[in-house]
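Just so you know, the protein sequences line up as chains A and B, in that order.
The first sequence begins at 189 in this note's numbering and counts up one residue at a time.
The second sequence begins at 189 in this note's numbering and counts up one residue at a time.
It cannot be assumed that every hint is accurate.
Note: identical chains are not told apart, hence a pair may lie in one copy or across any two.
[Unchecked claim] Simulated crosslink set (EDC-like; lysine to aspartate or glutamate; CA at most 20 Å straight-line):
hint, residue 1, residue 2
1, Lys234, Glu594
2, Lys234, Glu482
3, Lys234, Asp441
4, Lys390, Asp323
5, Lys238, Asp454
6, Lys390, Glu254
7, Lys564, Asp416
8, Lys341, Asp221
9, Lys225, Asp359
10, Lys366, Glu255
11, Lys366, Asp481
12, Lys490, Glu536
13, Lys366, Asp221
14, Lys499, Asp335
15, Lys390, Glu470
16, Lys519, Glu567
17, Lys341, Asp501
18, Lys366, Glu482
It is worth saying that the hints were derived from the structure and are not from the lab.
There are 2 protein chains.
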Amino acid sequence: MSNPNSSSMIISMCVMGLGMHPGAWRYRDGSPDDYLKLDYFTHAAKVAEKGKLHAMFLADTLAVSEENFERPNLGATDPTVVLSMVAAATQNIGLVATASSTYNEPYNIARRFSSLDHLSGGRAAWNIVTTFVPDVAANFGNGGLPDHGDRYKRANEFVEIVFKLWDSWGDGSLIGDKERNIFADGARVNTLNYEGEHYAVKGPLTLPRTPQGRPLLYQAGSSGTGRDLAARFADVVFTAQNTKTAALEFRADVRQRAAAFGRDPDSIKVTPGLMTILGGTEAEARARKAELDELSGQAELKKLALRVGCKVDDLKLDEPMPVDLIMSNEKFRASQGFRAAALRLATEKKLTVREVLYRNGGGHRQIVGTPEQAAKMIESWWRDGAVDGFNLMIDVVPSGLEAFVEHVVPILQKRGIFQSEYSGNTLRDNLGIAHKAVKAA
Amino acid sequence: MSNPNSSSMIISMCVMGLGMHPGAWRYRDGSPDDYLKLDYFTHAAKVAEKGKLHAMFLADTLAVSEENFERPNLGATDPTVVLSMVAAATQNIGLVATASSTYNEPYNIARRFSSLDHLSGGRAAWNIVTTFVPDVAANFGNGGLPDHGDRYKRANEFVEIVFKLWDSWGDGSLIGDKERNIFADGARVNTLNYEGEHYAVKGPLTLPRTPQGRPLLYQAGSSGTGRDLAARFADVVFTAQNTKTAALEFRADVRQRAAAFGRDPDSIKVTPGLMTILGGTEAEARARKAELDELSGQAELKKLALRVGCKVDDLKLDEPMPVDLIMSNEKFRASQGFRAAALRLATEKKLTVREVLYRNGGGHRQIVGTPEQAAKMIESWWRDGAVDGFNLMIDVVPSGLEAFVEHVVPILQKRGIFQSEYSGNTLRDNLGIAHKAVKAA
């Protein structure tokens, strides 16, 4: 399948903790509490903007786990707070904040992202997740984590409401005629009176439509119901795909599902995570990875065990992944997408655990190599139609990001597959995703 | 009663819509949609910072009412989004964001304000409200607005939890020793396992203690239960007091209640709202007010009717306030503090409705006059111990704020009752409110 729609590849970047690699906090220069500092985030955003990256993407973590005492909690700070600050310090880069539909109210989410979109001049996106971590549930009452199906039923209603709230002020309803004393035309503003199975929301929103019409919707979650949620509503899908074949299938499936919902498949973009560990030579890149791994102890191995739902001891570095054992775990409740991606990689390529760890960084596709090697892989997946772009999982911030912007971006630009300038003022403009006008009632 | 505690008067300022006066959007230069623009807020913050004002305070509105089609919705944008942006554009000014305890989850609020406090370098405060607007309830399910008592019971639990979450990482638990590979000491981080009547929250928070120890807590709500909530937990009280006598009594009462909860009364600051309409001469100030009133139609009259819970037609401009009629309204569910302040003004001073409107702006004490007259009133209330300072309700933004900073602040500074420099790095430092260390478990 060719890549018919993208005039430019989409590249966003994710800043997690002090870098996605568990050894990042020890490897990097700077203070271990930099992940609590404004300059840390604005510096990263400015570097990414210099490289014309489309967006800064922030994950969200609503609980502490044991590993958070071993290294900075990934997603500890509220993404909408961080990205609001980034908005004030940048001009063009998109702002993608993750927020859970299970542990927020639709009105609050609609208002928060509308505010961010207005005040950033049209750069906001909401990455919807339904949350798969039981520890999070315990921070929001004692009802336990709703099961996967329930979470997605709620999520579908939630997004319907948020879209209706974003659209509640019809285009042109804010008139602002000082002379004639007409601020807004209330007749063009719609109440929702939404009554669903899980939510009742009267509306309208406190805010008119945003510079993007609506903020963008990103979706992360690769189960069947997750894909359907994306296919119905999302503009961009964030996913873990560890092989090109898997990514090809995934993108084709999402596009097909979107078409089944009556949408133009080109209106939905698929951007898997990609962790890059770069060096001037392959040996330097491998040395960077080796040092990171050593500094982190067995952290990546532990994370892999967590992602696939087995014990660390079940994973022997020089033996194949114990796929049958893993699949027999009926208590598995974590992300289906991460598990499937890792197992697919292991079986398709017949890899040992050690080899899986080399190609899978924090659950995502990982490449350890030179800028040229990274650019080649990126171009190959994109040209083959496996992706619309990538969400970079930066190994160590800011050095991994600086290396990508300085050395990989120019190669992609030279080959004419990545933008050398932002093409418009809003994130929608830059991603080539149209915004829909909404007529008054 | 003297004012024994304040080395410097506290002055914060509130930016609502395009100014607190309903005619502001027509009166001011600039576009009617400036209230949706980043520069509008950052400009105001920078002006306030130039005047060494302590904080920028933002109200929060979670519903649209009919009047929101007549002028910009006050508090339309999410205050935490706006103030995060302001944080990135300023150095010293405090950031006070209103959020409802009735329509948020404690874990989300604790995390959002902790994030803002960390990333702003210790400038965050949460202004807790319980929400008294039935239209808001309808945006959050169909259960209706909980009654006053219920809202405050929930609020008390809510704050207890938020404080415990803010304190959950004991001081020094983030160790950050790269060499020895010790990021944090999990033994110093406490789970809450909080099980209350309304909330169950396991904890801990995702974030260590903030630069202020804890973000500050502001409280707005002047009923008896509201005062008790403030007396138990708050650092600063925001209130509507329309006469000095009423303010004196209110502050004395709050201090007494704080003492009854075992607190040092000097640790709680009372800052009523103050709307200033300034002119180079008194005639100019009166002309500014007259033009604003004319531009707004009967908006202030309608607002007064809403605040006291009667019909507009019940208020005759040149007759006394119909206090008995107002008090006989058993269906009154709106803010008790606003109603009491307006009625107290009317009865204590024996004022007509027109006179009330001259001294009451948007529910708050209003002064129409020269900078010297404003400074005199401010000094008098402060020297007499009626207040620890004021929260300025800016009539028109930015001109009303610029006038205050350029002409009133220098008078107060010259008299030695307002700061000429920020005294510290955090909002606590600048308000003279100590932060409490929290030992590990």
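We went through each hint and held it up to the structure:
1. Lys234 with Glu594: So Lys234 and Glu594 pass the 20 Å test inside one copy only (13 Å; across, 35 Å).
2. Lys234 with Glu482: For Lys234 and Glu482, neither the intra-copy (30 Å) nor the inter-copy (47 Å) Cα distance is at most 20 Å.
3. Lys234 with Asp441: neither (35 Å within a copy, 51 Å between copies)
4. Lys390 with Asp323: Between copies, since 8 Å is at most 20 Å while 32 Å is not.
5. Lys238 with Asp454: Cα proximity of Lys238 and Asp454: none, with 27 Å in one copy and 50 Å across.
6. Lys390 with Glu254: between (41 Å within a copy, 14 Å between copies)
7. Lys564 with Asp416: For Lys564 and Asp416, the Cα distance exceeds 20 Å both inside one copy (31 Å) and across copies (65 Å).
8. Lys341 with Asp221: This pair counts as neither: shortest intra-copy Cα distance 38 Å, inter-copy 37 Å.
9. Lys225 with Asp359: between (39 Å within a copy, 18 Å between copies)
10. Lys366 with Glu255: This pair counts as between: shortest inter-copy Cα distance 16 Å, intra-copy 57 Å.
11. Lys366 with Asp481: between (63 Å within a copy, 14 Å between copies)
12. Lys490 with Glu536: neither (22 Å within a copy, 71 Å between copies)
13. Lys366 with Asp221: Close across copies (11 Å), not inside one copy (49 Å); limit 20 Å.
14. Lys499 with Asp335: neither (23 Å within a copy, 50 Å between copies)
15. Lys390 with Glu470: This pair counts as neither: shortest intra-copy Cα distance 58 Å, inter-copy 46 Å.
16. Lys519 with Glu567: neither (39 Å within a copy, 68 Å between copies)
17. Lys341 with Asp501: Cα proximity of Lys341 and Asp501: none, with 36 Å in one copy and 49 Å across.
18. Lys366 with Glu482: For Lys366 and Glu482, only the inter-copy Cα distance (13 Å) is at most 20 Å; the intra-copy one is 66 Å.
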